[in-house]
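The whole structure should be built from the sequences, with the hints applied where relevant.
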Amino acid sequence: MVEKKKWLPRWFYQLASPRWCYQICGKLLPGFAVAALILLLGGIVWALLFAPADYQQGNSFRIIYLHVPSAILAQSCYMMMAVAGAIGLIWKMKVADMVAKSCAPIGATMAVLALLTGAIWGKPTWGSWWVWDARLTSMLILLFLYLGVMALNSAIESESTAAQASAVLSLVGLVNIPIIKYSVDWWNTLHQPATFTLTERPAMPAEMWVPLLMMVVGFYCFFAVSLMLRLRNEILRRERRAGWVRDLLLSK
Amino acid sequence: MSFNSFTEFLSMGGHGLYVWLSYALGLAVILLNLVAPLMERSRLVAQLKRRLQRENQSP
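From first to last, the protein sequence lines are chains A and B. For the first sequence, the positions run 1 to 252 when the UniProt record's numbering is used. For the second sequence, the positions run 1 to 59 when the UniProt record's numbering is used.
Honestly, the hints are just simulated from the structure, not real lab data. It is possible that part of the hints are untrue.
In silico DSS-like cross-links for lysine-lysine, where the CA-CA straight-line distance does not exceed 30 Å [stated by the list, open to error]:
(1) A:K27 / B:K49
(2) A:K252 / B:K49
(3) B:K49 / A:K181
(4) A:K252 / A:K94
Among chain A residues calculated to face chain B with C-beta under 10 Å, some are [as the list claims (entries may be wrong)]:
(5) I120
(6) S158
(7) L229
(8) N233
All values derive from a computational prediction rather than experimental measurement. In this text, a Cβ means the ideal position worked out from N, Cα and C, and glycines have one as well.
Set out below in structure tokens:
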């Protein structure tokens with residue numbers, strides 16, 4: 001007889017408990033909030049005041065410090081939403097559904113920010129607010145996918161059906177993520193290739209990329225804060241009949 | 001410091017409008033993503049508390 005073993009770590013099962021998840025988010029929130037505040041403030045001051053101007057683009061290149069982090073986050077957030085949706089589909093885990101639902105509005109606003117800062121940056125650099133270029137178009141599709149997931153979530157009354165439908169949509173839309181990533185290599189495009197790669201040193205000097213790295217990490221910390229705030233709301237709303245939520249409300 | 005004066009900092013070498021518009025949008029999006037869930041939380045807690053009180057009053 002083969003003994004049936006738990007092949008996933010213990011915290012994975014604990015995550016399935018809304019109560020445990022609510023509490024651990026509450027404990028993690030202040031740390032991430034402080035980290036986000038320090039990194040974003042420090043990054044913005046460095047980006048605006050101390051980073052040297054680009055020799056071709058002058059000072060308009062400072063938009064990169066918002067454009068790149070928001071674009072990276074929009075894609076990471078989408079992948080997280082799709083993975084959480086898949087976990088919810090496979091293991092019927094309520095918390096995973098709530099995570100997927102909470103990811104959508106944050107990712108949508110990040111996609112909007114990436115598109116708008118890109119348009120604003122494109123005007124002085126390319127001479128046009130918008131071109132129907134592979135990178136820009138695939139990013140616009142990402143925004144529409146987010147809006148589709150949000151619309152599905154709000155249109156379907158039953159929470160579990162809404163979660164299933166939006167999980168399927170986000171999994172299908174996952175094919176867009178590599179298209180965004182490789183669009184600058186596959187098609188002739190105005191958009192420049194990736195600023196950061198894992199294997200090579202950045203082509204820019206350190207006083208330019210260190211603040212960019214700070215902004216990227218800061219955006220991730222901010223994402224964690226916003227996601228946990230939304231997740232806690234979602235847990236309270238769906239678990240409103242549970243005893244521990246009643247106790248929590250009465251103790252306030 | 002890459003600017004000599006405050007006016008130079010504001011004008012961003014002629015690209016001031018683009019840079020400041022981007023940063024204003026960035027700040028707005030970040031704040032929106034923090035304020036919206038916090039307001040939703042206070043609304044939700046108040047609503048759930050009222051419901052709980054109603055249920056306790058009429059057994």
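Tested hints:
| no. | hint | result |
| --- | --- | --- |
| 1 | A:K27 / B:K49 | 23 Å, holds |
| 2 | A:K252 / B:K49 | 9 Å, holds |
| 3 | B:K49 / A:K181 | 47 Å, violated |
| 4 | A:K252 / A:K94 | 26 Å, holds |
| 5 | I120 | 5 Å, holds |
| 6 | S158 | 20 Å, violated |
| 7 | L229 | 4 Å, holds |
| 8 | N233 | 5 Å, holds |
The structure is inconsistent with the numbered hints 3 and 6, although it conforms to all the rest.
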